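There are 4 protein chains.
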Amino acid sequence: MAGKPVIEIAFDTPRLEEKLLAKAVAAKGAELRLTNIKQNVFTLQKTSLDVCLVRCVSLYSAIHTAALREGAGVRSINSSESIFLAGDKVLTVSRLRSANLPIPRTAVGLNTRAAEKALEKVGLPAVDKPPIGSWGRLIALVRDIDDFKLVAEHREMLPSSYMKTHIIQEYIDLPNRDIRTIVIGEEVVGAIYRYRSSNDWRTNVALGGEPVQAFLNDELVEISLRAAKAVKGDVVSIDVFETTDGSYLVNEVNGVPEFKGLMKATGVNVPEKIIDYVIASTRR
Amino acid sequence: MAGKPVIEIAFDTPRLEEKLLAKAVAAKGAELRLTNIKQNVFTLQKTSLDVCLVRCVSLYSAIHTAALREGAGVRSINSSESIFLAGDKVLTVSRLRSANLPIPRTAVGLNTRAAEKALEKVGLPAVDKPPIGSWGRLIALVRDIDDFKLVAEHREMLPSSYMKTHIIQEYIDLPNRDIRTIVIGEEVVGAIYRYRSSNDWRTNVALGGEPVQAFLNDELVEISLRAAKAVKGDVVSIDVFETTDGSYLVNEVNGVPEFKGLMKATGVNVPEKIIDYVIASTRR
Amino acid sequence: MAGKPVIEIAFDTPRLEEKLLAKAVAAKGAELRLTNIKQNVFTLQKTSLDVCLVRCVSLYSAIHTAALREGAGVRSINSSESIFLAGDKVLTVSRLRSANLPIPRTAVGLNTRAAEKALEKVGLPAVDKPPIGSWGRLIALVRDIDDFKLVAEHREMLPSSYMKTHIIQEYIDLPNRDIRTIVIGEEVVGAIYRYRSSNDWRTNVALGGEPVQAFLNDELVEISLRAAKAVKGDVVSIDVFETTDGSYLVNEVNGVPEFKGLMKATGVNVPEKIIDYVIASTRR
Amino acid sequence: MAGKPVIEIAFDTPRLEEKLLAKAVAAKGAELRLTNIKQNVFTLQKTSLDVCLVRCVSLYSAIHTAALREGAGVRSINSSESIFLAGDKVLTVSRLRSANLPIPRTAVGLNTRAAEKALEKVGLPAVDKPPIGSWGRLIALVRDIDDFKLVAEHREMLPSSYMKTHIIQEYIDLPNRDIRTIVIGEEVVGAIYRYRSSNDWRTNVALGGEPVQAFLNDELVEISLRAAKAVKGDVVSIDVFETTDGSYLVNEVNGVPEFKGLMKATGVNVPEKIIDYVIASTRR
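Chains as they are written, first to last, in full-length UniProt numbering: chain A, 1 to 284; chain B, 1 to 284; chain C, 1 to 284; chain D, 1 to 284.
Bear in mind the hints are in silico, worked out from the structure with no lab data behind them. Keep in mind that the hints are not guaranteed to be accurate.
Claimed, not checked - Going by beta-carbon spacing under 7 Å, a handful of chain B positions derived as facing chain D: (1) Ile132; (2) Gly136; (3) His154; (4) Pro159; (5) Val268; (6) Glu272; (7) Lys273.
What the hints assert, rightly or not - In silico DSS-like pairs for lysine-lysine, Cα to Cα no more than 25 Å straight-line: (8) D:Lys23 x C:Lys46; (9) C:Lys273 x C:Lys23; (10) B:Lys4 x A:Lys46; (11) D:Lys121 x C:Lys46; (12) A:Lys46 x B:Lys232.
Bear in mind that the values here come from a model prediction, so they are computed numbers and not experimental data. For each residue, glycine too, the CB sits at the ideal point set by N, CA and C.
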């Protein structure tokens, strides 16, 4: 490639993260294209773009943007495949499992009846997740069969057939926090603890909880890199449970990772590292 | 592998096709597992299955079934990736385009505003499709801007954000029919014409229209095999437009293909050929 | 009126009840019109019908059928107004309250934030109901704030803005059963106990629970008649809670009442009594 | 009543209209209560309110607010019944018809199959409306059977069963405009023409179209008052079609009327007139 690499940042809702990424593109001497995908026509024609960094909050917009850029011969980071593998939790657990990564005991039912059987298999208490959803939304702690019925009746009313699938996992009794790491290419750039707030059992919706830097030991690094690879991710965050006996379980992977909290807690310049990786990818 | 291969047919709504496939498994001396995915618990544990042949009508159930089998180390035909690539038409057109296959002129808008611009790009009359949908459902012929507004207002009311994406394609003035071919591995096993019925502009919802055997020339064979490869399909059907100037355009690919009509029109024993392919795949 | 009264039974899903009502019309010498509203065109033109007995399971179909018959000058039993007042529980509690009938302590929030305040007002444990729904569906027992969040997150995902309204009521510690009475005009024709099944906290979804005849004392009769009047009902069922201190609370009213269970438990010929009332109404 | 009347203005989305109404309450020496219904707990307890003026944009919030105030003994303007009768167009046409008001030729089907028959009855071109919706949304001009299929397929995908009902009306060839009048109690306070914009066939979504004062003749006054009475409205707007032969047809009624355009075009102080009426109602 001759000249400056042309890097697109595709977004739907611009957040602090996207602004920092845009600044980093300029700082690195690359050419920036900011695309609001809500106003853009995708034509699948040849473009001058080298890479598209997909930063859409909406999962489907992220997948479609990545695919449409790939269709025009542009590399997408992450790839459409990776965004889908991380975005649909049925696919995520399947990939983590076939890569032999440790995950909570899991059973999946594709409708209410099958989910009730899956719950019997996993036992109580359990966690019941739909395949898609961010920030812990719709993830239910199932303490008894009344809880399950409540969840199942509501899920049946949801119009998307997607929501009829229940991922049932053993409830892991966490030490009040989970771990999030960020992977960029072959490097784990940092890790934080996310503490559970006092009025919610979930860590990922922690309201008042400040993120705190976590120590990155070899095991956490290895698990994070393998999890990123399992979903074919270039730039992803990994949510890890640390059980009371000190072992790790991979919980979820995010294909359009937020990194504001980790930057603040660790001082790592995440956007710079992402853009370095993106630019390097244009040279291969 | 020692002993008989164990083949699962996974379904949600058993149709004639699934019954014929089940018979073929028995006739070939393989061991059959029939799984109604509405009653099955998927545990991601090791199983005795060799291959899962995914025959679910629901796209999401098909993707999830394939992924969950893959997660347990079982080969899925088609793969979860392929079912998704064929099932989401944004991904299909992107893959067809990057494989240099001929497709109708296409522009995509990820919401109403962007879709209106996409329509301006493509021009009138146009066809407006959502990313997901079978049997031609929700595919609109847009003759003027009032048609587009009607479609867009309804799409905005649909709860799934998926449905906000509009795939706008030039309207191809077909000779009253389109072509469907079926690909199994490296072979195109047959082709049919599907005629438009008198009371609908779409060919794929033809009500009274009998399928008729079509001649498989070299170009059609080549295009079909390349389209199957573009979406990484083992067993797929390909919908092809034959334009008035005699050239071909690939319209859609189906990752859980129906084949009853083609069997009847051509006499080809499709289920036997599929099961031969499935069994052979266990030997590689 | 000269000649035989013409009585329409309008239904969407024919059940035993509709068949018994149709027989009773014939037995009484009236002329029967059976209308499947899924296949009927309503034109608002003059008709030969005298009364339409609305028996649609779908609430909206019931309201629309009643209104369209009224628009054509035909008396509807129940009236469209009454079906709506009984069908939307916000309206029901409002009418019961302004008629000074005893109801559980109730607070209503029209969205999640307001509902959380309503829950604080009522206290825990509480019952959280959406305005519309049959057979106890989506009615949640809220034991703590996690239960409430679970319900609220799911309700927010439901596409209908209707479902964002939460009716929060004190949880009444019932003696394992509630009471259902049936009112026809000025008469309470019977009462049953409905027992809670062992695996659900709700009485109205009792699976194995046989209905048992209940004694109709003066207070129950009076409350039932006043509740029917509060929603302007001709033929309704009334769900009553009997608290541990022996007093009654009106819970819900049903404007398209099922009566199979009450017939069986009490021996009362409910369909005959309904049709007698319907025919008498044509003479006024 | 002793002392100043206490008037509540209940809103969800405060617009200019609500601010003008609030000012008028103060100017008339009444006591104002502004209630954002998204943050309010409704308890059905006795209150100090005399009247609630319901100004919620959401139909269901408007109905529920009115009903909950009525349940606490407070007069609601409009009443919950009236807001529902005007808000659901099946009920509106039924009431207009039974009050012998002129309306476009109308047939109603409660699902797709019945709607197709209704369309045959009414003929082409026709207008196809769902029961609920504001600003002309989802109202379709049906020029041929392809248009109808497009509408019906989309409606079937909508999750609310409400949306399966089709109100089919003859298409009225208007002189490029329709008429809107505003009724307050027994008075028609003004009328405007609403012109169709150049890029939409509907008058009620006119984008650039300025409202223009219309002359209020006796017939228009009489029709407006009768239409308001048909839906039991205190304060409503009436949409009227003026056909090419000079006769009038009542199209719709709005139970939470916007009046900004009419104020501007006619100079009538609508908010003052509404508040005068509201205060007078507390004296009866």
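Hint-by-hint comparison with the structure:
Checking Ile132 (chain B) against chain D: minimum C-beta separation of about 11 Å lies over 7 Å; hint violated. Against a cut-off of 7 Å between C-beta atoms, the interface hint on Gly136 (chain B) is violated, since the closest Cβ of chain D lies about 9 Å away. The interface hint given for His154 (chain B) holds, since its Cβ lies 4 Å from the closest Cβ of chain D, which is under the 7 Å cut-off. The interface hint given for Pro159 (chain B) is met, as the beta carbon of that residue sits about 6 Å from the closest beta carbon of chain D, less than 7 Å.
For the restraint placing Val268 (chain B) at the interface with chain D, the shortest Cβ-Cβ distance is roughly 32 Å, beyond the 7 Å limit, so the hint is violated. With a least beta-carbon distance of about 36 Å to chain D, the hint placing Glu272 (chain B) at the interface is violated under the 7 Å criterion. Here the hint on Lys273 (chain B) is broken, as its CB sits about 34 Å from the closest CB of chain D, past 7 Å. A hinted pair counts as satisfied when its Cα atoms are at most 25 Å apart, and Lys23 (chain D) with Lys46 (chain C) does not qualify at roughly 48 Å.
Using a Cα cut-off of 25 Å, the hinted pair Lys273 (chain C) and Lys23 (chain C) holds, with the two alpha carbons roughly 12 Å apart. Simply put, Lys4 (chain B) and Lys46 (chain A) have alpha-carbon atoms about 50 Å apart, too far for the 25 Å limit, and the pair is violated. For the suggested pair Lys121 (chain D) and Lys46 (chain C), the alpha carbons sit about 15 Å apart, so the restraint of at most 25 Å is met. The straight-line distance between the Cα atoms of Lys46 (chain A) and Lys232 (chain B) is roughly 23 Å, inside the 25 Å bound, and the hint therefore holds.
Violated hints for the displayed structure, listed by number in ascending order: 1, 2, 5, 6, 7, 8, 10.
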